[in-house]
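Quick note, the sequences are listed as chains A and B, same order.
Under our numbering, the first residue of the first sequence is numbered 76, with each subsequent residue one higher.
Under our numbering, the first residue of the second sequence is numbered 76, with each subsequent residue one higher.
Among the clues, some could well be false.
For chains that are exact copies, the list does not tell them apart, and a pair is met inside one copy or across any two.
Keeping only pairs whose Cα atoms sit at most 25 Å apart, straight-line, the calculated BS3-like set for lysine-lysine is [what the hints assert, rightly or not]:
(1) K158 / K139
(2) K382 / K268
(3) K139 / K242
(4) K241 / K268
(5) K268 / K154
(6) K95 / K268
For the record, the hints were derived by calculation from the structure and aren't laboratory data.
Since we're looking at a predicted model, the values are computed, not measured.
2 protein chains.
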Amino acid sequence: MSFDSSSVLVVGTVAFDSIKTPFGARERIVGGAGNYIGWSASRLGVGAGLVSVIGEDFPDAELKAMESAGMMLNGVEMKEGEKSFFWSGSYHMDMNGRDTLETELNVLADFNPVIPEAWRNARWVMLGNIDPALQASVLDQMDQRPALVVLDTMNFWMDIAMEGLKKVISRVDVLTINDEEARQLSGERSLVKAARSILAMGPRYLIIKKGEHGALLFHMEAEQLDFFFCPALPLEDVVDPTGAGDTFAGGFISHLAAMDRTDFAAMKEAVVVGSALASFTCESFGTEGIRAVDRQALSARIEQFRKMTVWQEAAIPSAVAG
Amino acid sequence: MSFDSSSVLVVGTVAFDSIKTPFGARERIVGGAGNYIGWSASRLGVGAGLVSVIGEDFPDAELKAMESAGMMLNGVEMKEGEKSFFWSGSYHMDMNGRDTLETELNVLADFNPVIPEAWRNARWVMLGNIDPALQASVLDQMDQRPALVVLDTMNFWMDIAMEGLKKVISRVDVLTINDEEARQLSGERSLVKAARSILAMGPRYLIIKKGEHGALLFHMEAEQLDFFFCPALPLEDVVDPTGAGDTFAGGFISHLAAMDRTDFAAMKEAVVVGSALASFTCESFGTEGIRAVDRQALSARIEQFRKMTVWQEAAIPSAVAG
Numbered sequence: 076m077s078f079d080s081s082s083v084l085v086v087g088t089v090a091f092d093s094i095k096t097p098f099g100a101r102e103r104i105v106g107g108a109g110n111y112i113g114w115s116a117s118r119l120g121v122g123a124g125l126v127s128v129i130g131e132d133f134p135d136a137e138l139k140a141m142e143s144a145g146m147m148l149n150g151v152e153m154k155e156g157e158k159s160f161f162w163s164g165s166y167h168m169d170m171n172g173r174d175t176l177e178t179e180l181n182v183l184a185d186f187n188p189v190i191p192e193a194w195r196n197a198r199w200v201m202l203g204n205i206d207p208a209l210q211a212s213v214l215d216q217m218d219q220r221p222a223l224v225v226l227d228t229m230n231f232w233m234d235i236a237m238e239g240l241k242k243v244i245s246r247v248d249v250l251t252i253n254d255e256e257a258r259q260l261s262g263e264r265s266l267v268k269a270a271r272s273i274l275a276m277g278p279r280y281l282i283i284k285k286g287e288h289g290a291l292l293f294h295m296e297a298e299q300l301d302f303f304f305c306p307a308l309p310l311e312d313v314v315d316p317t318g319a320g321d322t323f324a325g326g327f328i329s330h331l332a333a334m335d336r337t338d339f340a341a342m343k344e345a346v347v348v349g350s351a352l353a354s355f356t357c358e359s360f361g362t363e364g365i366r367a368v369d370r371q372a373l374s375a376r377i378e379q380f381r382k383m384t385v386w387q388e389a390a391i392p393s394a395v396a397g
Numbered sequence: 076m077s078f079d080s081s082s083v084l085v086v087g088t089v090a091f092d093s094i095k096t097p098f099g100a101r102e103r104i105v106g107g108a109g110n111y112i113g114w115s116a117s118r119l120g121v122g123a124g125l126v127s128v129i130g131e132d133f134p135d136a137e138l139k140a141m142e143s144a145g146m147m148l149n150g151v152e153m154k155e156g157e158k159s160f161f162w163s164g165s166y167h168m169d170m171n172g173r174d175t176l177e178t179e180l181n182v183l184a185d186f187n188p189v190i191p192e193a194w195r196n197a198r199w200v201m202l203g204n205i206d207p208a209l210q211a212s213v214l215d216q217m218d219q220r221p222a223l224v225v226l227d228t229m230n231f232w233m234d235i236a237m238e239g240l241k242k243v244i245s246r247v248d249v250l251t252i253n254d255e256e257a258r259q260l261s262g263e264r265s266l267v268k269a270a271r272s273i274l275a276m277g278p279r280y281l282i283i284k285k286g287e288h289g290a291l292l293f294h295m296e297a298e299q300l301d302f303f304f305c306p307a308l309p310l311e312d313v314v315d316p317t318g319a320g321d322t323f324a325g326g327f328i329s330h331l332a333a334m335d336r337t338d339f340a341a342m343k344e345a346v347v348v349g350s351a352l353a354s355f356t357c358e359s360f361g362t363e364g365i366r367a368v369d370r371q372a373l374s375a376r377i378e379q380f381r382k383m384t385v386w387q388e389a390a391i392p393s394a395v396a397g
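Bound-form chain A, shown alone:
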C-alpha cells in the first residue's frame, strides 16, 4: 500500500493497555489512539499512515497484522531498549466513568513526531489525543493545507496547556471532544452556547461525543448554528469502551476521505459511519471488536442506525400541520 490522496495521516499513540471492566480484565493488550484510528480506517479500505512511537517490547506480529490490514508504519519510530506507552484503567459499574490506575509514558515522554517526506502533502489529517504542541508541530510539517484536519483532545490538556491547545484548535477543521470538555473549553454550561463559542475559535465543525448517549455535530453556516445528532447503538453488552472515541474519529475522517467530501451532508454520514464502527469496539476488549469488522457487518450495522433514526415515513403529521 502506498500513501495516496485518499490516505489519512494519523498521529497518535500505539501502546499497551490493561483494562478492567465489569465483564472481565485484560493485561497488556495492544491499544492506543493511533492503533484504534488505524484499524477503523482499514475497515473502510482507507490507508492510514501512522506517525507514532513504540518501544522494543511491542510485538512484531502485531505490527505485521496492522500492515496487512492496510496501515503504513514508516512513521512509527521504534526505540531500542525502551518500553511502549502503557495505560491501565478500571471502568465503573455503569461504564460511564473510569479510573486511571497507572500511566507509564515510557517512549512517549520525548515523542517528537516526524512526518515522512512522502506524507507531507496528506489531504486528510487525524490528530489523535496527544500534547497540543506535538499536534501543532505536525501541522507545521505539512507541505500544504490539508483538505481536512480533525483534532481530538481531552480535559487533561485543557488543565495544563489551555493556551497551546486553543492555538492548535484554531488551525483545524473539526474538533472532537466530550460534553464536559466542551463546557470546560468554552466556559458555557449549555452545549449550544458552548458550540457557538468553540466554533468561534476556528474549527468549522465541532463534534461532541457523549458515549452511550451518542454524538452531536455542530456547524456554523451563515451565522446560523446547524446541528446533527447521531445516537449510539444500544448494545446488549458494552464490554469495553476503551478506544471507542478513537474508533469513531478514525471512521469519521476515513469515510470523508473515501468519499472525498467535506460538506455538512457528508459529515453527517461520516458521524454515523464512525458511530457504527465504534459500536463494534465497545462489544469486545481492546481492538478485538473493530479488527473483526468486514463490510457486510458494517453495512448491516449502518442499516440498524437507519432503522433507529428514521421517523419521517409519513409527512409532518396531520395532527400538527398548519
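For this one, chain A is given, so just place chain B on it according to the hints.
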C-alpha cells in the same frame, strides 16, 4: 368541548410547585403531571379529560384557562377546606439532577380517582405518575379495553410498591420511565436487556426517557427487539425541566389519539412530537413554555428535529457498501 373517541383520559396531579434552577426561582406556580399532560394535549387540539384532586387554594382563573385550552375538568374533585398537593425542588447546576426540598401531599393523601361515567369508554388513557394502586383502580373502572393505555411511573413506587406496580404494568400498552428506573425495574444494567425484560412483563412498548439525552422507544416484534431513538433538541438554555416528562407523555399519547393509530411507525412520530413539545416546557418556568405553543411554533420545531436527525440524503455510502 365534549369527551369523544379522540379524547384522552388523563389521571394525574394538578398542584403547586416551588422551583429553583440556576436561572431563577418561582414560588407556588401551578404544575403537576396532569396539568402538563393536559396542556400538552391541548396544543395538538386533543381534548383531555382530567381526573385529579385539588384544594380550595387552587386558583379559579387557572381552571378557567385550562378549560378554554380544551381540558375537561369534570373529573377534578375540589376539596373544600383543604390544600392542593405541593412540591418544591432545587435543580443542580447541570440540570440533570434535582433535590426535593418539600412535599406536602395535602389533598393527594386520600385521592381516590373516580372516572366520570361519560369517560369510561375512553379509547386513550394516560396514567400519570401516581400510586400504582390508583392507576389500577382507574383501569378497573373502564367499561372496555381502551385502544391504548400509557403509564408513567418512577423509582419511588419501585422502592415501596414494586409488586403492585408490576401488576398494573402488566395491564398497559406503553410504559414510560427513565434509564435508571428501567435498570431498577428489570435488574439489568444494559438498557437492551432491561427493555427485553420489561417488555416481557406485559407492555407492547417501552419508552426510556433520558432527559437531555433524548428518548428510546423499544418494541418487541416477532421475537425481535426493535427500537427507535429520538434526541432531545439541544437548547440555548434549559431554564426549568420540571414537567418535561409529563409534557412528553401528553404529546405522545395525544398525537396517537389525533391520528387514531397505535402502530410502531406512528409511535415513532409520536415520540418526536412529544419531544418537541417537551422542549418548549424546558425553555421557561412551569407551564409557561408549553401553554404558549401554537401550531406554527410546533411545526417549526418538528422541522428542527427532522433536520437534526436526517442523514440518509445519499444512499448507504459507497465507501461502505458491499
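Structure-based check of all given hints:
Proximity of K158 and K139 under a CA criterion of 25 Å is satisfied intra-copy only: 19 Å inside one chain copy versus 76 Å between copies. Taking the shortest Cα distances, K382 and K268 sit within 25 Å of each other only across copies (19 Å), while inside one copy they are farther apart (31 Å). Taking the shortest Cα distances, K139 and K242 never come within 25 Å of each other, neither inside one copy (37 Å) nor across copies (59 Å). For the homomeric pair K241 and K268, the shortest alpha-carbon distance inside one copy (17 Å) is at most 25 Å, but the shortest distance between copies (42 Å) is not.
When the C-alpha separation of K268 and K154 is checked against a cutoff of 25 Å, the pair qualifies neither within a copy, at 45 Å, nor between copies, at 46 Å. In this homomeric assembly, K95 and K268 come within 25 Å of each other (Cα to Cα) only across copies, at 22 Å, whereas the closest approach inside a single copy is 36 Å.
Checked against the numbered hints given earlier, the structure breaks hints 3, 5 and satisfies all the rest.
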